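Novice: Between the sequences and the hints, there should be enough to build the whole structure, so can you do that?
In order, the protein sequences belong to chains A and B.
Going by the UniProt record's numbering, the letters in the first sequence line up with residues 1 to 348, in that order.
Going by the UniProt record's numbering, the letters in the second sequence line up with residues 1 to 326, in that order.
By construction, these hints were calculated from the structure, which means they are not laboratory data.
Just so you know, these numbers come straight off a predicted model, no measurement behind them.
Heads up, a few of these hints could be off.
[Unchecked claim] EDC-like mimics (lysine to aspartate or glutamate), calculated; alpha carbons at most 20 Å apart, straight line:
hint	chain 1	residue 1	chain 2	residue 2
1	A	K220	A	D108
2	B	K18	A	E171
3	A	K18	A	D282
4	B	K18	A	E328
5	A	K191	A	D92
6	A	K220	A	E171
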Amino acid sequence: MADFVVEARTDFSNDVSKQPVLEVRDLVVRFERADGVVHAVNGVDFAVRPGEWLGIIGESGSGKSVTLMSILGLLGEGGRVIRGNAWFNGVDLVQLSDRQLRTVRGKDIGVVFQNLAEGFNPYLPIGSQIAEVLVNHRLCTRRTAHRRVIEFMHELGIADAKARFQQYPHELSGGMRQRAMIASAIVSEPKVIFADEPTTALDSTVQMQVLALLTDICRKRGTAVVMVTHDLGVAAHTCDRIVVMYGGVVMEEAPIDEFLQFPTHPYTLGLRAASFDPEQPDRPLRPIPGVAPVLLEAPRGCPFAPRCHMATTVCRERLPALRQTRPEHRVACHHVQGENEHEPYPIP
Amino acid sequence: MSFAAISDWHERASHGRKRRRRLAWRRFCRNGLPVIGLAYIALLFIVAIVGPFVTRQPTVNIFQANQSPSWAHPFGTGQYGQDLLTQIVRGLGGTLLIGVTGAAISVAIGLIVGMVAGVFGGFIDAVLMRLTDFAFSIPTLIIALFIVVVTGFSAWNVGLSIGLVTWAGCARLARGLALSVRNGTLIDSAILAGGSRWYIATRYVLPQIASNMIVFFVFQVASVLFQSTTLIALDPQYVPLTGGQLPPGSNLLLNLLNGGGGSYIGYRWLFWFPLGVYCSMVIALLWIGDGLQALLNPQQPLPRRWFAAWPRLRAARGGKGVNMHG
Ligand SMILES: Nc1ncnc2c1ncn2[C@@H]1O[C@H](COP(=O)(O)OP(=O)(O)O)[C@@H](O)[C@H]1O
Ligand SMILES: [Mg+2]
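Specialist: Here it is as structure tokens:
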């Protein structure tokens, strides 16, 4: 698949020895709801290395956002981390109290939300909201904060930053607001940024601009990024490594080249078949039949089994473990065995 | 960063603050009604303060009972021959004081209780809401009457007592509104910005619920006045007029009661004048409330000045227009 993708990225695939900045292990998250317990995340493992750009892809309802929010302790009403760890800087974020978490989230971990309309307080000027991050986290005085924010806005290509500083969120365009959100996520110089579908709300030209900007600014600072997206094209352009999630479980994990050349899991292949490929513009798009269910009980077998064309009895009985199939390439599927298996499955 | 640059920034920031203030005022003015309301309430305040000095001592004169409006008695006279204009002017101060203190106290208590409950949640929420249930359950007027009987009848005490017993509704409303904004991306981003609970409550939650609270306040003014009238009449020692004076702690609505049931039919001025002043006051407060809502919400579109409509109309008809946005 597309070669241009490879040039655009820093190659971290050789640097396996780098200690991860964030390591999530066996994370399980559930929501208590009136109609039962929602099993949103059912044992997720992944790690992010310094400066790496990790993409998490999967359909809506796969548990991507919940995974990120649970690490930050921002699960809404009824949400609870049942077990698992999120190691960051030698501490387990899952174990931290709300007060202790406050010194980490927003400061060492920045967040860019998808929901532009709600990301900013409509009653405060945008600049002071960004400056507030620095002031509240006691990183500098208010006066220095204002200066730094204006510098940042300038760096993010916000023209006439001093005037914009005084404007209210609704006075900015979508692209500008997303830039401001990026500024507020990165102004505290975090080690990791969580970007939950950062560009989904934007139209495609602005989308690429904002992505290029985010890539640029994170690369300069060596900030690691965990980006949730359901756009394979966006992921291919920006990510170093991909984690595919479904039903709150990691299905496949691979460096981007590997992922593009040897996608293995039937779910990944389904996603590929359902999205546009510039290499094969004439290929008809084939959606995966059915929708991602809301899991009201813990999946017994593979969560994808009900929609998988390859599913057999064992798929419905036992949850497949993530297994290494090739260097750095791990797949959770009963039908992928051995190290050398990398032939893409035919799509029926 | 040079010193010059810093001072330059400060200049711009203050410029921005001035701009925001100016825009807020323009939003308040909107369609002119809030300004009219403000002017009217200001006028009532002036009349309430100055009135007692320029009106005649109220007297009772049974030979002048129930006279229709004339030059000597512009609003007519009541069944004891009291001059209605004097009664209204002298009742105005109490009316404003009772209405505003009562509503302010009940909204302040309700807002604090409801917002703390909504923002903090958990145990604090549970305790405060049980307290609110209790406040809801008490027979407000009777308890308020006890308070007033103990503390003495005065406009201040009447307002205070009613405020102290009627905050439960406001607390429930404030809590519900706070809860509805508590869960969501907005508050998540406030938490990520390192905001303390206090910061989130005052800067994120309060502005969102302020507009509802303002409306609630205006209705509460009307409700407190209505209740205070009943309160006075419930007083076992209630005397309609003592030496021509309304009882202490009363408001202009009491003039309606003083008319006596039968007189409403024949003597309409006894009905229309006090009611007109009262209703226009409540309407003016509502208009001010509308203006305040617009003032507090920067997302409200800026109004075009009404006198600026002409050039646009001409432009729409193809005439030479003035660019309003330039
Ligand atoms: N606040 C919540 N209460 C109950 N269920 C939730 C809540 N948030 C998410 N879920 C459920 O968790 C699952 C994963 O959601 P999410 O992580 O938002 O998916 P996505 O991969 O699209 O980001 C979904 O089934 C969703 O219904
Ligand atoms: Mg999501």
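Novice: Looking at the structure, which of the earlier hints fail to hold?
Specialist: Numbers 3, 4, 6, in rising order.
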